[in-house]
Amino acid sequence: MGMNMKFQCSFPLVFLATTTTLLFGSQATAKVSDICSVTDYKPLCRATLKGISDPYKALEAAIDQAIIKTRHAYYLSRTMGSDQNIDICKEMFDSGVTDLESSLKALKVNDKGTLNSQLSAVISYYSTCDDTYSEAGETNPLTKVTGVLTHMVANCLALAEKIH
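In this note's numbering, the protein residues as written are 473 to 636.
Since the hints were made in silico from the structure, they are not lab data.
Fair warning: there could be bad hints in the mix.
[To be verified] The following label-pair restraints were derived from C-beta to C-beta distances:
| # | residue 1 | residue 2 | range |
| --- | --- | --- | --- |
| 1 | K577 | G553 | 15 to 23 angstroms |
| 2 | K584 | Y547 | 30 to 38 angstroms |
| 3 | I540 | V581 | 16 to 24 angstroms |
| 4 | K522 | H636 | 18 to 26 angstroms |
| 5 | D526 | D559 | 35 to 43 angstroms |
| 6 | D536 | P613 | 34 to 42 angstroms |
| 7 | K514 | E610 | 13 to 21 angstroms |
| 8 | Y528 | G553 | 37 to 45 angstroms |
| 9 | K634 | A608 | 21 to 29 angstroms |
| 10 | T586 | D512 | 18 to 26 angstroms |
[To be verified] In silico EDC-like cross-links for lysine to aspartate or glutamate, where the CA-CA straight-line distance does not exceed 20 angstroms:
| # | residue 1 | residue 2 |
| --- | --- | --- |
| 11 | K634 | D583 |
| 12 | K634 | D555 |
| 13 | K580 | E633 |
| 14 | K584 | E633 |
| 15 | K514 | E532 |
| 16 | K616 | D603 |
Each residue gets a CB set at the ideal place from its N, CA and C atoms; glycine is no exception.
Please put together the full structure from these sequences, using the hints given.
Written out as structure tokens, the structure reads:
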């Protein structure tokens, strides 16, 4: 087994392990529940924020984590070869990182409209990755990844509502 094959097999496991740790490894941060109470994915929110209670800082941290995980998904997709479907996913993850970075800039200048539209666009990118496989009658090997990313950004949208 070549080095590249070992990387292809281990990277998804590392991604899922990290995500599982984020989801379930930090039950002790329940005091963040006040800020996470507005989200649909509270355990993920609590694990992502790890004690941050300021709404602005919480949103900033949540977007930062979404950027990191979307970059991981992009690099993972690059290890999966090249066909029409995976190429679309690569493009969507790349666009997702760009728009998440734009959403951080919008947060810093208090542009809620741009912030919300950029975050919503990112969710649509993840859906596009899933849709391209389903339309081809194939199973998306990145379904779990896009699912977690979608939940992370959905939490960002909910947290954005707490910013005044």
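Going through the hints against the structure:
| no. | hint | result |
| --- | --- | --- |
| 1 | K577 with G553: 15 to 23 angstroms | violated (34 angstroms) |
| 2 | K584 with Y547: 30 to 38 angstroms | holds (31 angstroms) |
| 3 | I540 with V581: 16 to 24 angstroms | holds (22 angstroms) |
| 4 | K522 with H636: 18 to 26 angstroms | holds (23 angstroms) |
| 5 | D526 with D559: 35 to 43 angstroms | holds (40 angstroms) |
| 6 | D536 with P613: 34 to 42 angstroms | violated (26 angstroms) |
| 7 | K514 with E610: 13 to 21 angstroms | violated (33 angstroms) |
| 8 | Y528 with G553: 37 to 45 angstroms | holds (41 angstroms) |
| 9 | K634 with A608: 21 to 29 angstroms | violated (39 angstroms) |
| 10 | T586 with D512: 18 to 26 angstroms | holds (23 angstroms) |
| 11 | K634 with D583 | holds (14 angstroms) |
| 12 | K634 with D555 | violated (41 angstroms) |
| 13 | K580 with E633 | holds (15 angstroms) |
| 14 | K584 with E633 | holds (9 angstroms) |
| 15 | K514 with E532 | holds (17 angstroms) |
| 16 | K616 with D603 | holds (14 angstroms) |
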